[in-house]
Structures are given as C-alpha cells and as structure tokens.
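Undergrad: The chain contents come next:
Protein chains: 2
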Amino acid sequence: MEQLFASAIAAIAPADTSLEAAGQAHLDDLTKPKGSLGRLEEIALRLYCIQRGVRPLAADPARIYTIAGDHGVTAEGVSLFPQEVTRQMVLNFLNDGAGINILANTVGADLMVVDAGSCGGEFPEHPKLIQRKVAQGTDNFVNGPAMSRENCLKALLLGIELADIAAAEGYRTVATGEMGISNTTPATALYSAYLGIDPADITGAGSGLDARGIVHKTKIIVRALQANKAAIQTKDPVNVLAALGGYEIAALAGLILGAAKNEQAVLVDGFISTAAYTAAAAICPHVQDYAFFSHASAEQGHRKILSALGIKPMHDLGLRLGEGTGAALTLFLLRAACNIFNDMATFSAAGVAKGDVVI
Amino acid sequence: MEQLFASAIAAIAPADTSLEAAGQAHLDDLTKPKGSLGRLEEIALRLYCIQRGVRPLAADPARIYTIAGDHGVTAEGVSLFPQEVTRQMVLNFLNDGAGINILANTVGADLMVVDAGSCGGEFPEHPKLIQRKVAQGTDNFVNGPAMSRENCLKALLLGIELADIAAAEGYRTVATGEMGISNTTPATALYSAYLGIDPADITGAGSGLDARGIVHKTKIIVRALQANKAAIQTKDPVNVLAALGGYEIAALAGLILGAAKNEQAVLVDGFISTAAYTAAAAICPHVQDYAFFSHASAEQGHRKILSALGIKPMHDLGLRLGEGTGAALTLFLLRAACNIFNDMATFSAAGVAKGDVVI
Numbered sequence: 001m002e003q004l005f006a007s008a009i010a011a012i013a014p015a016d017t018s019l020e021a022a023g024q025a026h027l028d029d030l031t032k033p034k035g036s037l038g039r040l041e042e043i044a045l046r047l048y049c050i051q052r053g054v055r056p057l058a059a060d061p062a063r064i065y066t067i068a069g070d071h072g073v074t075a076e077g078v079s080l081f082p083q084e085v086t087r088q089m090v091l092n093f094l095n096d097g098a099g100i101n102i103l104a105n106t107v108g109a110d111l112m113v114v115d116a117g118s119c120g121g122e123f124p125e126h127p128k129l130i131q132r133k134v135a136q137g138t139d140n141f142v143n144g145p146a147m148s149r150e151n152c153l154k155a156l157l158l159g160i161e162l163a164d165i166a167a168a169e170g171y172r173t174v175a176t177g178e179m180g181i182s183n184t185t186p187a188t189a190l191y192s193a194y195l196g197i198d199p200a201d202i203t204g205a206g207s208g209l210d211a212r213g214i215v216h217k218t219k220i221i222v223r224a225l226q227a228n229k230a231a232i233q234t235k236d237p238v239n240v241l242a243a244l245g246g247y248e249i250a251a252l253a254g255l256i257l258g259a260a261k262n263e264q265a266v267l268v269d270g271f272i273s274t275a276a277y278t279a280a281a282a283i284c285p286h287v288q289d290y291a292f293f294s295h296a297s298a299e300q301g302h303r304k305i306l307s308a309l310g311i312k313p314m315h316d317l318g319l320r321l322g323e324g325t326g327a328a329l330t331l332f333l334l335r336a337a338c339n340i341f342n343d344m345a346t347f348s349a350a351g352v353a354k355g356d357v358v359i
Numbered sequence: 001m002e003q004l005f006a007s008a009i010a011a012i013a014p015a016d017t018s019l020e021a022a023g024q025a026h027l028d029d030l031t032k033p034k035g036s037l038g039r040l041e042e043i044a045l046r047l048y049c050i051q052r053g054v055r056p057l058a059a060d061p062a063r064i065y066t067i068a069g070d071h072g073v074t075a076e077g078v079s080l081f082p083q084e085v086t087r088q089m090v091l092n093f094l095n096d097g098a099g100i101n102i103l104a105n106t107v108g109a110d111l112m113v114v115d116a117g118s119c120g121g122e123f124p125e126h127p128k129l130i131q132r133k134v135a136q137g138t139d140n141f142v143n144g145p146a147m148s149r150e151n152c153l154k155a156l157l158l159g160i161e162l163a164d165i166a167a168a169e170g171y172r173t174v175a176t177g178e179m180g181i182s183n184t185t186p187a188t189a190l191y192s193a194y195l196g197i198d199p200a201d202i203t204g205a206g207s208g209l210d211a212r213g214i215v216h217k218t219k220i221i222v223r224a225l226q227a228n229k230a231a232i233q234t235k236d237p238v239n240v241l242a243a244l245g246g247y248e249i250a251a252l253a254g255l256i257l258g259a260a261k262n263e264q265a266v267l268v269d270g271f272i273s274t275a276a277y278t279a280a281a282a283i284c285p286h287v288q289d290y291a292f293f294s295h296a297s298a299e300q301g302h303r304k305i306l307s308a309l310g311i312k313p314m315h316d317l318g319l320r321l322g323e324g325t326g327a328a329l330t331l332f333l334l335r336a337a338c339n340i341f342n343d344m345a346t347f348s349a350a351g352v353a354k355g356d357v358v359i
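So the protein lines, in turn, are chains E and G. Numbering-wise (our numbering), the first sequence opens with residue 1 and increments by one. Numbering-wise (our numbering), the second sequence opens with residue 1 and increments by one.
Hints are computed from structural coordinates only; laboratory data are not their basis. In this text the structure is predicted, and so the values were computed from the model without any measurement. Don't take every hint at face value.
Copies of one chain are not kept apart here, so a pair can be met inside one copy or by any two copies together.
Pairs of lysine-lysine, BS3-like flavour, derived with a Cα cap of 27 angstroms [what the hints assert, rightly or not]: (1) K219 <-> K354; (2) K34 <-> K219; (3) K128 <-> K354; (4) K128 <-> K235; (5) K128 <-> K304; (6) K229 <-> K354; (7) K229 <-> K219; (8) K304 <-> K34; (9) K304 <-> K235.
Just chain E, with the same shape it has in the complex:
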C-alpha cells in the first residue's frame, strides 16, 4: 500500500507553465481592454496550462465528491449536532434534499456521495453512493492517533481512485465536498500541525458554537496536538494526517492528489477541504497548480489560513456549510472562464479597433 501510494505521488507533474505566454497572447487578442476580465482570465490561463494548451478549454463535465466520515472526538462535545447527523445527512444527499444537491443541480455538476468512514452500518444501495467505509469513524484523537497509518493510506488511496474513476469517465474537473459532524475540530488541528498556527487563532464556531463552546473546542485541539506530538514530530505528512485527520479528510486529500496526477482541475471547497488540500500539498506541492479555491469560509480562521497559504479564493459569501457548496458555485466561474477563452471574438475578426490609440 505504501508503494502504491508512493508511485501515484511520483506520477504527479506540474502544470505546463511554458504555455502561459501563448495563452496570455490569446486572451489579449479578445475584444476587451487587456486584463479587464480579471480573475476569469487568470482561471482561463491556469486551465490552459493544466490542459496542456489543448483547445477548447473545458471545465465540464465536472463531478463533486461529497465524502462522509465520523470523528471520535465528537464524544468531547465539540459540535452542536449529534453524531447521527452525519448518517442522516448522507441519506438526505441521496434523497436530493441537501444544500449540495440543490447547488450541484443548479450548476449542472454530477454529484457522487462517498462513505469513507461514517459510523453505523452499510447504507441501502444507491446509484449516487460509493460505500467504501475504511472504519466506523476515527478514534478520539485526544487519546492518540485518529487513524492508523494503514487506514489513513487506505483513505488516501480511495481518494486517488475516485479521481481516477472520474478521469476514466471523462470528467475534466473534480470538486471536493464533505460531511462529518465535528470535522472542523480535526481540520483545525491539521492546520496547526502543518502550518504552525496556534489553535487559539483559528478555532471557530463550526456549526454554531458560542464563545464558551469555542474555548472548550480549542482546549480539545490543544490536547489532541499534545497527545499526537510524536507523530507530528516525524514531519511525515501522512503521519500527521493519520494522527489528526479523518477518513473524509484523507480521502479528499487523495482526491486532490489524484486530480493533479490526472491533470484535472480540482475545486477546493471551504474550511475542511482546505485542510485536506494542506495535507495534499504537504505530500506533493505540485497540487497547487491544479487547485482552485472556492471561497473564504465564514468559519473564523479560514481567512488567516488562506492568507498563510498565499491563496485568494474566488468567492466571499459568508458560506460555512461545507458539502461542496462553495465549490459548486465556483464551477460556474471556471465554466465562464473557459467560454470566454474559447468563444470571444478577436479584435481583427470583429473589426474592432484596439486600445492604446489615443485620438
């Protein structure tokens, strides 16, 4: 398993930035003042390098993987919602009732739900559901590692496999989504460990804790970092992920790594997904070439983390739902950027005079 994982990582190449000049020249020849479509042009240029200069650019078809997992640390009272809600929400996803269903439908993305490690038994079979439970939730990480390294690798490989399935089916973009009661707690611990940020600076309300609840959650995270000091000190990113992460987070990190390997664009959703990205980038920095960041979450701390990572996300809409909802909204911008690049008229073809002719 170690070897399978290592060979997948070794297969990740950076995007071809030598194509930037050609892509930019095309953008500058379109009937608009230079650079006037701002970040849409930036997205188009990045996709041009990711897709190796092959035209037309394509963001579609796109698939959102919403991956579920439970967390032993829920026993410490770090969420307003009971653990059963993870399972209830998976059923809600399958019944088309959740936020991500609505937004995936609105944007025209395919949605697949993945059980990577929720508590409870198997789910009834469903065409939208991939059941690959690595375990019945993580262990409570205040007492030691959340996952064994072996189980963490299983979840990482599951994520890579999900990217491979999407690539084989022709998906050009994959998007990250998650569901897991309490998962802002492991996500915050991961940021602290990977980025060296004090948990007190980035611990937030999650699904709605009050100030007292946030203080309690911060203490739990500090305890977890203490209990897993040895794993963190190995500086091996997989060990850190195993100690502090979760099955859905590890699978999302694998999805991001797999997308990069397959030269797919990957839309990273919010607070939890960015933690998965942070793990993936620690494992292989080339993932940064393939990742598009959807939004600045309302979860306090996300903005600080994005800034620490040097990332300016596309949206700032006060979202803090997860599930992939921010990624679904942002797919629309990737599609718009592709269409601009592919379909706008050039100055010469449209008979429009170029700028910089002061009359």
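Start from chain E and add chain G according to the hints.
TA: Then chain G, alone, in the frame of chain E:
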C-alpha cells in the same frame, strides 16, 4: 414628459419587509446549520420580500440590457479607445462575439442591446437590437450640460419602458450593462456630484490609462463639475444627471427605476451601472430594495463608492469590462439562492436532527 416620469416614480413602492420573519423561518428550517449559506440566504430573503412572499421564488427568466451611448468628452482624450469603438462593439454584441454575449449565454440570460445615444447612423435591423437613439452622443460636458433636461428625461423614460417590456414578457430579473467609450468620465463626475466625493479620490484608469492619463482625466472632470455648477446646485437629481451623465447612463437609471416599479429584481453591474444606480436612488430611494450589486470593479474608486453607499457587492473578481459582464455572473447566485429556498429539504421532512442539541 415631466408628468409621465413623475407618475412612474410615484408608482414605486418599497419591498414588503414585513415578510422577513416568515422568510427567515423557512430558511432556518432547511437542513443546514442556521445562516450557513451566508449571502445566498440574504439574497433569498430579499427576493422573498420583493416577490411579496409568492413561492416559488424566481430569478429567471432574466434579461440583460446592454445600452450604448457616446460622449462628447471623448474629444478631450480621456480614453485609450477611439469613439468608433462604441459602434464597433454594438456590432460585436449583435454578432455574439463580446464578453457579455459569452457570459449571458453561459448563465442562460436573454441579452438585448439598446442604442440610446451612440454616434453614427442607424444600425441594420437585428432581433437583439432596440434602436432608440435620443441623440448622436452627449455634448462635451466641459463646456456645459451633457444633455438637455428633456433629452435626459427621454433616456430615463426609455429605461423605464425597457423594464416594462421585460415585465410584460415575464422577466423576473433585469440586469444593467453598458457600452460607451469614455463613460467612466461622466460616471466619476456623477459620483462626485451626488455623493460629494473629490474626483481625485475616485478617478481611475478606465480602459487602461496610465498615471499621466488619469491626472488629465481628473482635470477634465473637475472642469466639467465647474462648468455645470448651476445644475448641480439645483440639487434636482435629474438636472445633475442631465448635466453630467450620458444617454446609456440615464437609460440605465430609468431601467433601475422601472424594475423597482415593476417589483423586479435588478442586477447592477459595475462602475458605470453603479453611477446609474446612484442617480436612480437620488430620484427614488426605494430602488435600494430591488437592487443587487454584482461586483467590486477593478476600476479604482468603485470600492470607495460602494462603501460610501453602504453596499457589499457579491463578487470581487477584478472585472472592469462593463457591458453587464459582472451582472451576468451574479445572476447565477440569484438563481442558486432561489433554488435553495425552493428546493432544500426541511429538518422534519428529511428526518435530520436539528442543531443546538449538545450530546
């Protein structure tokens, strides 16, 4: 004409904010932590009040009006592009080659192009084109009013008529777009006059002026404000618009007023459209209930103006193209908000446990 205009304005009612509690209760019953869809929830709630509590909420069908006009002040060398580009771009719109064509198609909005006052002759007839030239461009406003009050009212009434046409055809949302070489110059003058902002603080590069060009443009705006002091001092918002605006800007102000009268949502695009909004709000403050602000333009000054108006726009993507491009992108968020409100499952229907149950 004065009377026709006055009676249209008198017909504008505020949105029904007494419905907020019922709309919020519905949003809070959907399967997500309270408020976790951030600004999508805010949009849905506002649309619920605009649409008088009638369900389902609808942002579609939506129509973008991209309105063209020329500006006498172009003779002062305030733009990198020659005046002919206004006409060339209208033809580009009709040939589906411009940024707004691509983004209107991407989001699935109808696009109508309106000639409210461009220079040059009539255009060939086209199903997408409404030819209602009030004049061959404005007069150079460094020498006096850009438009007579009568011509300004004609353009305002044209905009109201465009909203009425869209309402009669069942459009639930109208969006503002414009094309007019040099039109950041009158827009900046309007902001200065309506909001009391020093032109030096908000004059920007437009389609790409350098620092020297911006200094020159600022001087021209100061001269125009001086030349039109008498009109500004009447404090009559129509006089100010006539003195400093343009035909496309006045028509857009009318479109915004007309949309409010018709209880339609109106998506305000960028720097120029916000100037039209500022004029409309000076004429009738109720328009604020119906307006949704698309994006913070890369045109320096727009951010200051939005902040002076107390507006937090939806997007911040470095756009500075105009045409309605930012509004087209933002229509997607209005649609998403409606779908969330209409289609998400409630806690009881989905069998999901509500939050605030700490286990």
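Undergrad: Indicate, hint by hint, whether the structure satisfies it.
TA: To see whether the hints hold, each was checked on the structure:
no. : hint          : in the structure
1   : K219 <-> K354 : between (60 angstroms within a copy, 25 angstroms between copies)
2   : K34 <-> K219  : between (51 angstroms within a copy, 25 angstroms between copies)
3   : K128 <-> K354 : between (50 angstroms within a copy, 25 angstroms between copies)
4   : K128 <-> K235 : neither (37 angstroms within a copy, 62 angstroms between copies)
5   : K128 <-> K304 : neither (35 angstroms within a copy, 47 angstroms between copies)
6   : K229 <-> K354 : neither (61 angstroms within a copy, 36 angstroms between copies)
7   : K229 <-> K219 : within (15 angstroms within a copy, 64 angstroms between copies)
8   : K304 <-> K34  : between (32 angstroms within a copy, 23 angstroms between copies)
9   : K304 <-> K235 : within (22 angstroms within a copy, 46 angstroms between copies)
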